[in-house]
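Below are the chains, spelled out letter by letter.
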Amino acid sequence: MRFLIPAALSTCFTVPAIAAEAWVTNEKDDTVSVIDIETQEVIHTYETGERPRGITFSRDFSRLYICASDSDTVQVMDPDTGKILHELPSGEDPEQFALHPDDRLLYIANEDDAITTVVDTKDRKVVAQIQVGIEPEGMAVSHSGTIAITTSETTNMAHWIDTDTHELFANTLVDSRPRHAEFTADDSQLWVTSEIGGTITVFTVEDQEEIGKIEFAIKGVRQERVQPVGMRFSPDGKLAIVALGPSNHIAVVDAKTFEVKKYILVGRRVWHLAFSPDGKSIFTTNGVSGDVTVVDMDSLQAVKTIKVGRYPWGVAVRP
Amino acid sequence: MFHRRLCVLWMLICILTVSAGSAKALDVKVLYLERQLERPPVLSTLDAHPDDLGRAGAELALYENTATARFLGHTYTLDTVIIAPDENFGDVMREALADGHRLIVAHAPAEDLLALADHADAQDALIINGSAPDDSLRRDACRANLLHTMPSRSMLTDALAQFLVKKRWTDWLLIAGEGPGDSEYAAALRASANKFNAKIVGEKIWRFDADMRRNAAQEVPIFTQGVDYDAVLVADEIGDWARYVLYNTWLPRPVAGTEGITPLAWSPVVEQWGAAQLQKRFTDATGRGMRSEDYAVWAALRTIGEAVTRTKSADPKTLREYMLSENFELAAFKGRKATFRHWNGQMRQPIPLVHPRALVAQAPIEGYLHQVSELDTLGQDEPETNCNAFRN
Numbered sequence: 001m002r003f004l005i006p007a008a009l010s011t012c013f014t015v016p017a018i019a020a021e022a023w024v025t026n027e028k029d030d031t032v033s034v035i036d037i038e039t040q041e042v043i044h045t046y047e048t049g050e051r052p053r054g055i056t057f058s059r060d061f062s063r064l065y066i067c068a069s070d071s072d073t074v075q076v077m078d079p080d081t082g083k084i085l086h087e088l089p090s091g092e093d094p095e096q097f098a099l100h101p102d103d104r105l106l107y108i109a110n111e112d113d114a115i116t117t118v119v120d121t122k123d124r125k126v127v128a129q130i131q132v133g134i135e136p137e138g139m140a141v142s143h144s145g146t147i148a149i150t151t152s153e154t155t156n157m158a159h160w161i162d163t164d165t166h167e168l169f170a171n172t173l174v175d176s177r178p179r180h181a182e183f184t185a186d187d188s189q190l191w192v193t194s195e196i197g198g199t200i201t202v203f204t205v206e207d208q209e210e211i212g213k214i215e216f217a218i219k220g221v222r223q224e225r226v227q228p229v230g231m232r233f234s235p236d237g238k239l240a241i242v243a244l245g246p247s248n249h250i251a252v253v254d255a256k257t258f259e260v261k262k263y264i265l266v267g268r269r270v271w272h273l274a275f276s277p278d279g280k281s282i283f284t285t286n287g288v289s290g291d292v293t294v295v296d297m298d299s300l301q302a303v304k305t306i307k308v309g310r311y312p313w314g315v316a317v318r319p
Numbered sequence: 001m002f003h004r005r006l007c008v009l010w011m012l013i014c015i016l017t018v019s020a021g022s023a024k025a026l027d028v029k030v031l032y033l034e035r036q037l038e039r040p041p042v043l044s045t046l047d048a049h050p051d052d053l054g055r056a057g058a059e060l061a062l063y064e065n066t067a068t069a070r071f072l073g074h075t076y077t078l079d080t081v082i083i084a085p086d087e088n089f090g091d092v093m094r095e096a097l098a099d100g101h102r103l104i105v106a107h108a109p110a111e112d113l114l115a116l117a118d119h120a121d122a123q124d125a126l127i128i129n130g131s132a133p134d135d136s137l138r139r140d141a142c143r144a145n146l147l148h149t150m151p152s153r154s155m156l157t158d159a160l161a162q163f164l165v166k167k168r169w170t171d172w173l174l175i176a177g178e179g180p181g182d183s184e185y186a187a188a189l190r191a192s193a194n195k196f197n198a199k200i201v202g203e204k205i206w207r208f209d210a211d212m213r214r215n216a217a218q219e220v221p222i223f224t225q226g227v228d229y230d231a232v233l234v235a236d237e238i239g240d241w242a243r244y245v246l247y248n249t250w251l252p253r254p255v256a257g258t259e260g261i262t263p264l265a266w267s268p269v270v271e272q273w274g275a276a277q278l279q280k281r282f283t284d285a286t287g288r289g290m291r292s293e294d295y296a297v298w299a300a301l302r303t304i305g306e307a308v309t310r311t312k313s314a315d316p317k318t319l320r321e322y323m324l325s326e327n328f329e330l331a332a333f334k335g336r337k338a339t340f341r342h343w344n345g346q347m348r349q350p351i352p353l354v355h356p357r358a359l360v361a362q363a364p365i366e367g368y369l370h371q372v373s374e375l376d377t378l379g380q381d382e383p384e385t386n387c388n389a390f391r392n
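Protein chains in written order, with our numbering: chain A, 1 to 319; chain B, 1 to 392.
Mixed in with the good hints, there may be bad ones.
Stated by the list, open to error - Okay, derived cross-link-like pairs now, DSS-like style, lysine-lysine, Cα gap no bigger than 30 Å in a straight line:
(1) K24(B) to K28(A)
(2) K219(A) to K83(A)
(3) K199(B) to K213(A)
(4) K122(A) to K83(A)
(5) K213(A) to K166(B)
(6) K312(B) to K219(A)
(7) K213(A) to K262(A)
(8) K256(A) to K219(A)
(9) K166(B) to K28(A)
(10) K312(B) to K28(A)
(11) K166(B) to K204(B)
(12) K261(A) to K280(A)
(13) K83(A) to K28(A)
(14) K307(A) to K280(A)
(15) K219(A) to K280(B)
(16) K261(A) to K219(A)
(17) K262(A) to K238(A)
(18) K167(B) to K213(A)
(19) K219(A) to K166(B)
(20) K125(A) to K312(B)
Unchecked claim - Far from chain B, some chain A residues (derived; all Cβ distances over 12 Å):
(21) D112
(22) G245
(23) F258
These are calculated hints, taken from the structure and not from any lab test. Bear in mind the structure is a predicted one, so any value in this text is a computation, not a measurement. C-beta atoms are modelled at their ideal positions from N, C-alpha and C, and glycine is treated no differently.
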């Protein structure tokens, strides 16, 4: 819609920038920072509810969903104006969420309540609440839309939810403090990061069997500090990029062989990451240093640091 | 006692029967054994002494263990036995062992722990010490069936020493009381000073029998006169007098030890590394902040839970072996996994250094290196151990 504003009107109204943007939640500032991917500068800072963490766009990028954890709500923002349009009932302490491919159902991990809440973003109603393990955190929905995953940090499991019945059909143990889950593009595998365990566990989706465990070791960094948290697959599906928390590095993993190809130094306590729309760079949120590192995917080098608010956590990109 | 919301959750968990697939049913029976003590009088009237200290940690851990267990077809039973100050520990202990308890989380002083660990019926039991900080229990008086989630005194004072030395506050004036544990705390401080190259430039015993609330401003400056020091280290475990030393010293210097900058297993001010969630669960359930004993007891029962989940066994021997192995890890909300030292059964863990309103630092302090784990820079390390019970 943003691109369809008639040229004649553009003289009267400010036309929203059409350059791609990276949106970053600042957990301790209660704001989001908007980074222009072209100029690599912060162009807007908008206020949010308390302790914003998870962040994601609707399929057409016309709506931005923000987990305002301490306000116990999911806020819906108009990304063109930075205005909060309304709030969604989310259950207590929403931390992360995943939008179903139907663009309507939002699966929310309620960290303090051991519950996954399913919210209809259109009717603004809670559709289901599913009892999971303690401190649910990571959320993922398969590309086919049939399976949702919640990882629970204290129970150390990935909980497999049937999105038709909203019931659990499997619970698989992983290493300590699972943080994040991602399906591969073909939905054949599920990857789960474990922060304290220091690993990624790979499951085949079909039978929920563990088929691989990825470990990380960075020269000169104590093993205890290597803590996998956020991760993303590259748009071509060949690589997985993993944020390794207080080791201040991200790992580049071959998605086929599970081999770690490279570690890249970024800012301090790296949480989450997102690819630019063209897949040529990746943006990492660095909680302790309060900045975002831009990594060039061709050279696999960190090329720029962008100062944002205090404790940047989540990041989402819109073209 | 438990907050309503937790209770509802709890009931939900009990009612919910999730198909456990091929998982085998397993009931894990744990005893929480607490020895209550008479508290010596202290000068201040301001301190709250929660009745459920320690026990509240067990209840929270039970809730957490059960949340995982229901997905595996496991169940937990927690029996709570509290021994009043005038009751005979031995009698109650024998009864509990005769009842078949072999997984025990203990909140009791060192002599009771040893009596328990040495009892004939406890030889195939696994006891986890969630309260006693005595170094002797990790050294020559260690017992193979006794593990520790409470840090030892020397872990605490090593943590403090690392911080002070990093700040270059290396000359210490040591003031020790005559209360229970004070001389042990002072001894641990001396050993830590030696280990990390700090210097004790003066040592005093606190013998004032006046009421310091009225005259600290007059007495403490004179008491702390005469030597040049970078910090005043206080050993006053029951919290009797050391609080009146702060800001009343002759030289404008920080106070650390059992008051001021304090090394602890846990404190309500710890909030990083997901700790905010644990604190909230605890406060929702109890209406108060989580303290070191709550944390150590919580960690003890969570350790059992973690070992049961991974080994799918409730056999004390199997669990102990797993806990002491490299495979064991507990997410302990301090930023690094907690594991156990296989040579004396002590849980490795970071030590927060706090004041009542915030975390000051967390040890191991950056820069203190170790060939195995930086956490082993805190407390007695393997090469210097004289604990023989863990040698096979």
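To see whether the hints hold, each was checked on the structure:
no. : hint               : verdict
1   : K24(B) to K28(A)   : 45 Å, violated
2   : K219(A) to K83(A)  : 45 Å, violated
3   : K199(B) to K213(A) : 48 Å, violated
4   : K122(A) to K83(A)  : 18 Å, holds
5   : K213(A) to K166(B) : 38 Å, violated
6   : K312(B) to K219(A) : 35 Å, violated
7   : K213(A) to K262(A) : 17 Å, holds
8   : K256(A) to K219(A) : 24 Å, holds
9   : K166(B) to K28(A)  : 28 Å, holds
10  : K312(B) to K28(A)  : 41 Å, violated
11  : K166(B) to K204(B) : 25 Å, holds
12  : K261(A) to K280(A) : 17 Å, holds
13  : K83(A) to K28(A)   : 20 Å, holds
14  : K307(A) to K280(A) : 21 Å, holds
15  : K219(A) to K280(B) : 37 Å, violated
16  : K261(A) to K219(A) : 13 Å, holds
17  : K262(A) to K238(A) : 14 Å, holds
18  : K167(B) to K213(A) : 41 Å, violated
19  : K219(A) to K166(B) : 25 Å, holds
20  : K125(A) to K312(B) : 40 Å, violated
21  : D112               : 6 Å, violated
22  : G245               : 9 Å, violated
23  : F258               : 20 Å, holds
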